[in-house]
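K.L.:
What follows is the residue order along each chain.
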Amino acid sequence: MTMTARPLALALAGLGLLLLAGCETGGADALEAGQDGILGVPLEEPVAKPDVVLTDHHGEPFDLRAETDGELTLAFFGYASCPDICPVHMANLTSVFDRLPSTVTDRINVLFVTTDPARDTPEALEGFMGSFDSDFVGLTGDLDEIVDLMTELNLPRPVFEEPDDDGFYEVGHPAQVLAFLPDDDHAHYAYPWGTRQSDFTHDLRALVDGAAAARP
Amino acid sequence: MTRVSPWLVALALLVAAVGCADDDAAEAAPPEVTGAETPEPAAPDVAAVYATIGDPGPDGDTLVGASTDVAERVELHESVIDDDGSARMVELEDGIDVAAGEGVVLERGGLHVMLMGLETELAEGDRYELTLEFERGGEVTVDVDVVPTVGGDDGGGGHDGQDEAHGDDDG
Ligand SMILES: [Cu+2]
Numbered sequence: 001m002t003m004t005a006r007p008l009a010l011a012l013a014g015l016g017l018l019l020l021a022g023c024e025t026g027g028a029d030a031l032e033a034g035q036d037g038i039l040g041v042p043l044e045e046p047v048a049k050p051d052v053v054l055t056d057h058h059g060e061p062f063d064l065r066a067e068t069d070g071e072l073t074l075a076f077f078g079y080a081s082c083p084d085i086c087p088v089h090m091a092n093l094t095s096v097f098d099r100l101p102s103t104v105t106d107r108i109n110v111l112f113v114t115t116d117p118a119r120d121t122p123e124a125l126e127g128f129m130g131s132f133d134s135d136f137v138g139l140t141g142d143l144d145e146i147v148d149l150m151t152e153l154n155l156p157r158p159v160f161e162e163p164d165d166d167g168f169y170e171v172g173h174p175a176q177v178l179a180f181l182p183d184d185d186h187a188h189y190a191y192p193w194g195t196r197q198s199d200f201t202h203d204l205r206a207l208v209d210g211a212a213a214a215r216p
Numbered sequence: 001m002t003r004v005s006p007w008l009v010a011l012a013l014l015v016a017a018v019g020c021a022d023d024d025a026a027e028a029a030p031p032e033v034t035g036a037e038t039p040e041p042a043a044p045d046v047a048a049v050y051a052t053i054g055d056p057g058p059d060g061d062t063l064v065g066a067s068t069d070v071a072e073r074v075e076l077h078e079s080v081i082d083d084d085g086s087a088r089m090v091e092l093e094d095g096i097d098v099a100a101g102e103g104v105v106l107e108r109g110g111l112h113v114m115l116m117g118l119e120t121e122l123a124e125g126d127r128y129e130l131t132l133e134f135e136r137g138g139e140v141t142v143d144v145d146v147v148p149t150v151g152g153d154d155g156g157g158g159h160d161g162q163d164e165a166h167g168d169d170d171g
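In order, the protein sequence lines correspond to chains A and B. Residue numbers for the first sequence follow my numbering, beginning at 1 and rising by one. Residue numbers for the second sequence follow my numbering, beginning at 1 and rising by one.
Bear in mind the hints are in silico, worked out from the structure with no lab data behind them. Ideal placement from N, C-alpha and C gives every residue a C-beta, glycine not left out. It cannot be assumed that every hint is accurate.
[Unchecked claim] Reference excerpt, derived from the structure (chain A facing chain B, CB under 7 Å, subset only):
1. Ala80
2. Pro83
3. Ile85
4. Ser95
5. Phe128
6. Ser131
7. Phe168
8. His173
9. Trp193
Between the sequences and the hints, there should be enough to build the whole structure, so can you do that?
P.N.:
Now the structure itself:
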């Protein structure tokens with residue numbers, strides 16, 4: 001983004017805020033850029049990418065650190081039988097990928113880690129991921145392993161509700177998307193539910209070469 | 001001076017009551033439901049319905065239930081985010097309040113009609129019938145459009161216009 005575009009972006013963001021004030025929303029308020037110019041919410045304590053090997057939606061092992069080393073990586077934790085927040089996050093990120101050139105998206109990983117591995121086998125995840133950008137990766141594993149991973153990342157644990165008469169159950173899961181930076185492979189930012197596609201687009205562009213490169 | 005017969009009073013009250021009931025029946029039309037849509041489900045078993053429910057009139061109304069042939073069960077839900085950042089869905093057993101003079105919007109990440117145990121595969125471009133039941137207004141059947149999974153409303157729902165304006169700086 002050029003320097004002259006910045007006031008315009010700010011003005012438009014302000015306008016968006018005004019429009020937003022007029023209506024109710026289930027999502028977060030518009031994000032505000034911090035001093036680093038990034039819209040994501042900075043984590044109080046950056047967290048190292050956990051050392052874990054999961055299984056991707058093709059049934060192949062996925063070594064989290066090795067596969068995403070030195071690359072901007074977004075991670076969302078949800079489950080496939082989730083009709084509202086999970087697919088909307090993934091759909092938004094797909095639209096964001098559609099807006100960005102492949103020179104940028106080729107260097108970004110988007111991971112959907114299941115909080116419900118009992119139902120979300122690689123096959124089930126393959127079906128779910130088929131609705132979104134083909135470069136996104138669905139990940140499953142042992143429940144213990146996934147809960148440990150989430151705990152390491154300071155995320156709330158999955159909450160399993162009582163199955164109904166048909167055996168269907170819902171699972172509480174973190175609402176936000178975490179961003180691990182290329183600089184140090186630590187999670188630095190969270191994107192709450194309701195993050196606009198344009199805000200994701202802005203930050204992914206800014207962070208793909210690392211936070212150091214993004215500093216104004 | 002003539003005294004009014006109690007029978008006459010009773011009759012008058014009865015007429016008035018019947019009249020009121022008639023008025024109620026005339027008023028109690030279901031609110032207008034527009035823009036009913038289901039994103040093509042990414043999972044085979046569940047789906048959400050979003051829609052705008054219009055002004056139910058001065059007395060307000062409550063959406064108390066819904067039914068459709070495409071799913072085994074239908075529930076009224078709200079997605080909520082707990083203080084710890086955990087997202088979950090709550091079943092609204094008392095229904096969804098449709099505010100007098102306003103109506104209510106069912107939108108992504110908020111209130112929705114939830115279809116569970118899908119019996120028909122829903123694909124983009126399909127259309128199915130959903131019957132909504134209101135406490136006062138009774139039942140109304142609407143057509144629900146199955147829209148693409150990707151490319152619907154932005155983020156917290158209902159602000160795609162704002163996003164488009166904001167999004168202009170991306171080019
Ligand atoms: Cu629901």
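K.L.:
So, as I understand it, the hint says A:Phe168 touches chain B; can you test that by seeing if any CB pair is closer than 7 Å?
P.N.:
holds (6 Å)
K.L.:
Holds or violated: is there a CB of chain B closer than 7 Å to the CB of A:Ser95?
P.N.:
For A:Ser95, the interface hint holds, since the closest Cβ of chain B sits about 6 Å away, which is under 7 Å.
K.L.:
Would the hint on A:Trp193 stand, with a C-beta cut-off of 7 Å toward chain B?
P.N.:
Holds - the Cβ of A:Trp193 comes within 7 Å of chain B, reaching about 6 Å at its closest.
K.L.:
Does the closest beta carbon of chain B sit nearer than 7 Å to the beta carbon of A:Ile85?
P.N.:
With a closest approach of 5 Å, the A:Ile85 hint holds.
K.L.:
Is the interface hint satisfied for A:His173? The criterion is a beta-carbon contact with chain B at less than 7 Å.
P.N.:
Result: holds, 6 Å to nearest chain B Cβ.
K.L.:
Does A:Pro83 meet its interface restraint, that is, does its C-beta lie within less than 7 Å of any C-beta in chain B?
P.N.:
holds (4 Å)
K.L.:
So, A:Ala80 near chain B? Judge it on the closest CB pair being under 7 Å.
P.N.:
holds (5 Å)
K.L.:
Against chain B, is A:Phe128 within 7 Å by beta-carbon distance?
P.N.:
holds (5 Å)
K.L.:
Grab the minimum C-beta distance from A:Ser131 to chain B and call the hint holds if it beats 7 Å, violated otherwise.
P.N.:
Constraint on A:Ser131 satisfied, holds at 4 Å.
Consistency with the previously given hints is maintained throughout, with no hint failing.
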